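Just so you know, the sequences run in chain order A and B.
Counted from 1, the first sequence has number 388 at position 388 by UniProt numbering; the numbering is strictly sequential.
Counted from 1, the second sequence has number 26 at position 26 by UniProt numbering; the numbering is strictly sequential.
Take the hints with a grain of salt, since some may be wrong.
As the list claims (entries may be wrong) - Covered stretches of chain A, going by a simulated chain B footprint (3 or more residues, C-beta under 8 Å):
hint	segment
1	378–392
2	401–408
3	464–472
4	507–515
Said to hold, decoys possible - Far from chain B, by Cβ distances over 12 Å, these chain A residues were calculated:
hint	residue
5	Ser65
6	Asp115
7	Val123
8	Tyr149
9	Arg200
10	Thr360
11	Val362
12	Gly368
13	Asp398
14	Thr412
15	Met414
16	Arg415
17	Pro452
18	Ile477
19	Asp479
20	Arg544
Just so you know, the hints here were simulated from the structure itself, not pulled from any lab data.
Given the structure is predicted, the values throughout are model-derived calculations rather than measurements.
Glycine residues also receive a C-beta, built at the ideal position from the N, C-alpha and C atoms.
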Amino acid sequence: MTLLDVQDLSIVYEPHGAEPVTAVRGATFRLEQGEFVGLVGESGSGKSTLGFALTGLARAPARISSGRIAFDGTDIAHLDGEDLRRQRRGGFAMVLQSGMNALNPVRTIGNHFADIFAAHEHVPRGRRRDRAVELVEKVKLPASVLDRYPGELSGGMRQRVAIALAMSLDPRLLVFDEPTTALDVLVQRAVMETIIELQREENFTAILVSHDLGVVLESTARVLVMHEGVIVEDGPAARILQDPQDDYTKMLLSHYADPRAEVVELPGLRVAGSQISTTGEGPAGPGTDAAPSGGAKARTGRTREAVVLEGVGKVYPPPRRGEDPVVAVDDVSFTIEPGDALALVGASGSGKSTIAKLITGVERPTAGTVRLGETDVGSLRRAGLRRLRRDVQMVFQDPYSALNPLHSVEYTLMRPVVNFGGLRGLEARRRVLDLLDIVGLTPVEQFAAKLPHQLSGGQRQRVVIARALACDPQVIIADEPVSMLDVSLRAGVLALIEGLREQWGVSLLFITHDLLSARLVTDKILVLNRGRVVERGETAQVLRFPEDAYTVELLDAVPQPGRAAD
Amino acid sequence: MTEKEATAQGEAPEPTQPPPSGRKNAYNTTVDGGGGLVRVGAPPSPLTVLGRAAGTIWSVPKARVGLILLAVFVLAAVFAPLLAPYAPTDNSFARAEGGSPAHPLGTTTAGEDVLSQLIYGSRVSVLVGMVAGFGATLIAVLLGMSWGYTRGFAADVINFFVNLFLVIPGLPLMIVLAAYLQGGGLAMIIFVVVITGWAWGARVLRSQTQSLRSRDFITAAQFSGESSFRIVFREILPNMTSLITGSFFGAATAAILAESGLSFLGLGDTAMVSWGSMLFWAQNSNAILTGQWVLLFAPGLCIALLATSLTLINFGVDGLSNPRLREGKGR
């Protein structure tokens, strides 16, 4: 039985005072009752816009410009207000990406359910509590959460509550918009499993909107691939995996690899055993022949020093009186030799970002010492810290918040050049253009004049990397540098980081939860769990033959399209 | 279905080559509609930025009304000698007259032309509003932002002073100060208004500074070796334009009201012609009892309209840094 029939649907955004943009063009597909379908695309492909439209949540400035959405025979594309609200019961619901933040912090979870029951009056008063308990148990939460406030629950629990809330109107169609993206790796997997199970048991029709083809192929039976507002491919997951028809799908698939494999290859990057190399085809790799002279000059006269951590611990005072102090880092020791790349992996809360703060001098260790060469980082005062930043630079996780939206690329890069390099005027400008050339943003003159909002995520991250390189540092700390980027852009940025390390001899501390990228750019690895090192060694060795249970768990959380076929 | 699908695919643009580099990001071009990418060149000059800001404010109907009202008052203040039929202190006319062709709003009990006083009075209000508003905003920006950015002892000291000014009731403090500095004229009034009017703005700017301080690009600026001063004024300040503009208009409104209040109470320079002193003299001569309600009504209305115009402009200021509010009409 056809539940949803979408015919030639187009959606335009008509922002006030700007050109209208067509976000979805001529989408046509049908969903049968009980199907689990994935909708994949990178940012800007229109997948979320489509998801919102299907559940009648499209709002100004978005407008359905043509086509129809028949839900069980009724056209919902042009329904309004009250009719739409009635349709929601036994109709369609949506779980949002930030669904866990969609809960009202001053109301208990039970109240959230009560609100929905009261608005639709489909559950008799006396049965409401029982029904709510039933629903939270479906998403594997204890009944006691109903009496708690959202702030008392973890992110994963809140997302489960959001799913239970979406289920409370017995929907026949559920749209999940990136339901696990905001969650921690290990939690992601658990929530995804609950969704899959729930769909199987309740037999509702589900659409999983996601940027991650790996996750979608693993969990759904049929996949729609969207690119620039158009559905470019529609087929069973297994067929898409084995025999993708569209070039775009092929490209997306080429960016997945198993970190456990002997040879790991992404476009532009290849790792065999523990040998890393940037392949020539990678457009991102800064050609070795293009080594700018300005940078090489700055290189002379500086000795390379190792970063040494000895028995480092960091304990934060208890968050509330009467609680135990928080141990963020516990007895961690390691050394990054000049030119080495070390990966620091672990789930959130494992203390990896705290270690980054300790090395950059933002926080001071409560035990042990952090040293860069002869300098004791923990005891530096203001002026010392400023000198330290000449040598230790950071690449941030979120390229969207790491650049001041009001400054041009040239200004952003000019500052460290002026402050640390001591260059002025034309010389400084030449150095800025060199930097842009190094990170592959050409033509350099054009990019120098741009403002951050005129750049894509990948380009922004390149600017961030260029800024980190500007003062010719010894150590670069990259905190999840690719986790906010589209899958297809990741390989390029990773190849850039890898190439820079080879070419400039910069040491790299690569912090990530993504083992695939760790495998690609580092040669040593440190696995952290709750502030303690649980496993260490050569990256290839550790990932191919993991010994600790936690490492195995992390490896299992890496989405692999291939696994679905097994 | 397959047929439909085929057409959908047929319309698809050329599939992109695998672009692992960020350089060629296909979707960016569509989203920006090309416009964003073509616009390359020097960053916009301050003048064009100002022009664009004015355009944004103008596009909000409420703010447009406010701008027109304000323009009327400013023009009246600037061209007062041309517009006013008589000199404001010329008391050679018949006293306490009603409206007549020669004196549309009548004359005061001292024999001055009310319309001329009204027009000249706008000079004081507009001047005090702008200068005191600017002064109060300047102090609020300097103190609020350094307060928000620094931690430790310095922040505690500023905290103490701001809270001190926040808890002291404004009007009594103003009256005490004005009584002390009697005879200082306009400069004294501006000083008093600034001293009592900056604290609230500082508080608001401080919290916004604190929230911006934790953003990555501020940490990045520290890593670029920027000094604290530069971080506050080159990185954080430009991101708070709308807040500061809003706080300026708020402070200017408060200053206008405060000046009128002080003059009305007789604490200003009673010889100076301002709307507040007009009210003061009208009250002194029991204008209501003698049936000359215009003497009270006209300056009162002007004060209210000028304050309203600034408040209306503030509606448009919200849109300066929040594009979402500009699009809000579609809902």
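Problem - Given as non-interface: Arg415/A, partner chain B, CB spacing beyond 12 Å - result: 4 Å, violated
Practice task
Verify that the Cβ of Gly368/A lies farther than 12 Å from every Cβ atom of chain B, and report whether the claim holds or is violated.
Solution key: Gly368/A clear of chain B: closest Cβ-Cβ about 24 Å, beyond 12 Å.
Handout entry: Minimum Cβ distance from Asp479/A to chain B greater than 12 Å, as the annotation requires
Key = 10 Å, violated
Handout entry: Verdict on Val123/A as a residue remote from chain B, using beta-carbon distances over 12 Å
Key = 31 Å, holds
Exercise for the section: Over 12 Å to the closest beta carbon of chain B is the bar; see if Ile477/A clears it. Expected result: 10 Å, violated
Handout entry: Status of the stated non-contact between Thr360/A and chain B (beta carbon gap over 12 Å)
Key = Non-interface label on Thr360/A violated, nearest chain B Cβ at 8 Å vs cutoff 12 Å.
Problem - Within 8 Å of chain B's CB atoms, at least three CB atoms from the segment 401–408 of chain A: coverage verdict - result: Contact hint for the segment 401–408 of chain A vs chain B: holds, 8 residues under 8 Å.
Problem - Closest CB of chain B to the CB of Thr412/A still more than 12 Å away - result: 8 Å, violated
Exercise for the section: Go check the segment 507–515 of chain A versus chain B for me, would you? Three or more residues, Cβ under 8 Å, otherwise it fails. Expected result: Coverage by chain B is violated for the segment 507–515 of chain A (0 residues, Cβ < 8 Å).
Exercise for the section: Grab the minimum beta-carbon distance between Arg544/A and chain B and tell me whether it stays above 12 Å. Expected result: Per Cβ check, Arg544/A is outside 12 Å of chain B; nearest 24 Å; holds.
Handout entry: Tyr149/A non-interfacial with respect to chain B [C-beta, more than 12 Å]
Key = 24 Å, holds
Exercise for the section: Please confirm whether Asp115/A is truly not at the interface, meaning its C-beta sits more than 12 Å away from all C-beta atoms of chain B. Expected result: 22 Å, holds
When held up to the earlier numbered hints, the structure conflicts with 4, 10, 11, 13, 14, 15, 16, 17, 18 and 19 and fits the remainder.
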